[in-house]
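Protein sequence lines, in the order shown, are assigned to chains P and C.
The opening residue of the first sequence carries number 1 in our numbering; numbering runs sequentially from there.
The opening residue of the second sequence carries number 308 in our numbering; numbering runs sequentially from there.
Calculated from the structure, these hints are not laboratory results.
Take the hints with a grain of salt, since some may be wrong.
One side of the interface only, derived from the structure: several residues of chain P facing chain C at Cβ under 10 angstroms [stated by the list, open to error]:
no., residue
1, 56
2, 58
3, 191
4, 228
5, 273
6, 274
Only pairs whose alpha carbons sit at most 25 angstroms apart, straight line, appear in this in silico DSS-like list of lysine-lysine [stated by the list, open to error]:
no., chain 1, residue 1, chain 2, residue 2
7, P, 261, P, 244
8, P, 266, C, 349
9, P, 266, C, 339
Note that beta-carbon positions come from the ideal geometry of N, C-alpha and C, so glycine has one too.
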Amino acid sequence: MSIRDLSDPEYFDEVAEANAEERSMDGLRPTYGTVDPLSGLMDPAESVSSRPEHHRLLKYLRREILPTTFCTGCGGGTVLNTFTNAIDEMRIDPKEMVCVTGIGCSSWIPSPYFLCDTLHTTHGRAIAFACGVKVMKPDMKVIIIAGDGDLAGIGGNHLIHAARRNIDITVFLVNNFIYGMTGGQVSPTTPFGIRTTTTPYANVEHPMRIADLVAAAGGSYVARWTTFHAFQLMESMQYAIRKKGFSFIEVMSQCPVSFGKSAGMKDPVSNLKYLRDNSIHVDGTKGMSEEELEGKFVVGRLVERNQ
Amino acid sequence: MIIVDEAFCKGCRICTEFCPTDVLVDSETINKKGYYPPVVAKQGECHGCRLCELLCPEFAIFIVNE
Chain P
1 MSIRDLSDPE
11 YFDEVAEANA
21 EERSMDGLRP
31 TYGTVDPLSG
41 LMDPAESVSS
51 RPEHHRLLKY
61 LRREILPTTF
71 CTGCGGGTVL
81 NTFTNAIDEM
91 RIDPKEMVCV
101 TGIGCSSWIP
111 SPYFLCDTLH
121 TTHGRAIAFA
131 CGVKVMKPDM
141 KVIIIAGDGD
151 LAGIGGNHLI
161 HAARRNIDIT
171 VFLVNNFIYG
181 MTGGQVSPTT
191 PFGIRTTTTP
201 YANVEHPMRI
211 ADLVAAAGGS
221 YVARWTTFHA
231 FQLMESMQYA
241 IRKKGFSFIE
251 VMSQCPVSFG
261 KSAGMKDPVS
271 NLKYLRDNSI
281 HVDGTKGMSE
291 EELEGKFVVG
301 RLVERNQ
Chain C
308 MIIVDEAFCK
318 GCRICTEFCP
328 TDVLVDSETI
338 NKKGYYPPVV
348 AKQGECHGCR
358 LCELLCPEFA
368 IFIVNE
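Here chain C stands alone, though its shape is the one from the complex (with noise of 0.2 angstroms):
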């Protein structure tokens, strides 16, 4: 399960862009500090490659097992 820590999110766009099975879209709503995190849209598709996990520079999305 992706779990997205909007707290920690810069919005850099990494994860959606990267994201081999386009789990993330870019979310219409900002978060605290101005930036648009990243949303799970099709959590179920998921293979938990951690991509996004390792190549997020924030620390802000990671994957937990279910």
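Only chain P is shown next, with the shape it has when bound in the complex (with noise of 0.2 angstroms):
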């Protein structure tokens, strides 16, 4: 492919051709530009139905948005899936439930793809928002899916005493260790030594376990999983879903783009080998010294309390 002249002006008339031809390919990609926004939704079976099969839970997703805007191998993406796969399993009906998220990568995990009532509010506040929306819909399953550097970073006030006042609120962290969507910055959960776009040459501090800390700050039920254990979070998020009170999982994910291009693991794959090979159960780490858990994950269910 040779390099055009920009100044040709034949040249932008060849690629809006090219464009018009592309748009007009099939019914399968995005209906951004083609469909007006105001005159509501179009009908979601339309955009499927002359596939013969389909996934069975695109029900639960607006299908007129898919496939979704995440990067390739994006973690985001596997927990939308199980939590999908955890509604469809515990029977809730949609209209029932409230996702609350913040912004970020990971907050566009309910907002835009799950189909229920969604809140998507300012950076950080998802946590505030929610204890506004359980306080006039106490029947209403309050959930929030929200990022690390959302919950963690900027909110992460709201989070503690959220945790400490033990509301009927259910968190979904989704720790990819970065800001992923503003392009790679260090975020509270950054682990030591990894260079990233404000942290050149290294970071020099140790990152935040989060789930401890929720953990300590009173939650009635906490865990921490990695996407890679995709099985067991989907039970963990049955369980927190049902669970009275304050309950919070910490989904360690993977982010090849941002996180895994500084961290040398630009594949997806690499990088959910690195979250398996370092996750430890926490039934096995009895007698073990912090020296020994240094970069470790520790997964599995860390706290359960009746109060």
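Could you fit the two chains together into a complex? Lean on the hints.
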């Protein structure tokens, strides 16, 4: 392919023609720009009915904007998948739940994709909004899915005090170790010694263990899993949604684009293997010192109390 | 039976790498977006563990009962 002279006026006509041709290819591509957003959502059955088979869980999703805008191999999609499976197995009517999110990649998990009432709030304030929802609608299940920079970095105070008050909400914190959406800045959970955009000579601080913090602050159910442990995560999600009181799951998630590029794991598979190989179940950590647990992810149910 | 929805696949290779029985392999042809979706090489050897279905970030692979 040769380099074209951009001052050539015919060049842009050709590009426009090629784009128009591509746009009219089929109905499989996202419908942004082709459907007036104010005219209401298009019929969800229409976009997939042309295919013989489709995923049984697509009824829980806003199908008109699929496939997702996540990067290739993003852990957010896996969390969405396990969360949808958990809701499907529990037979919860999505009309009885409210999903509250903040700002960031992980906040996109429920807000455009999951078909229920969603509240996309300001940065770090998802728990504050969720407390308001729970006060006004105590019968509805209030579920928060947001990222580490959102809930632990910017909204860390809300997280601690919601756990202390033991409000009956469910929090799934998707921890991808970095501020992914804004270009890979260091977050409170970035591991020691990782180069990021804002720590070009490697991170000199130690990461925050959010699940341990919430357990100390008084959460009723606290667990930590990775996206590799999909079945355990799904069961834990079901338990957390059923549990009365403040329930919290920290999901370690891969981010091949922002975290992986700086940590030497550009491939989604190697990033997921890093999560798998560095996880230790909490039952196997008895007698291990802090030095041995440095850099490891202690997965499993950390705390469960009835209060 | 494993079904791959090629229109949704972004070619992250998680399913082919973590399949316990190596039923899935990478395709040699690209889909409409330019990714290499997985293809089912040994359909009969699938145990139906649903690991690929749960790990897939894009709802692009799923198992239906025959």
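Hints that the structure is at odds with (numbers, increasing): When the structure is compared with the hints, numbers 3, 6, 7, 8 turn out to be violated.
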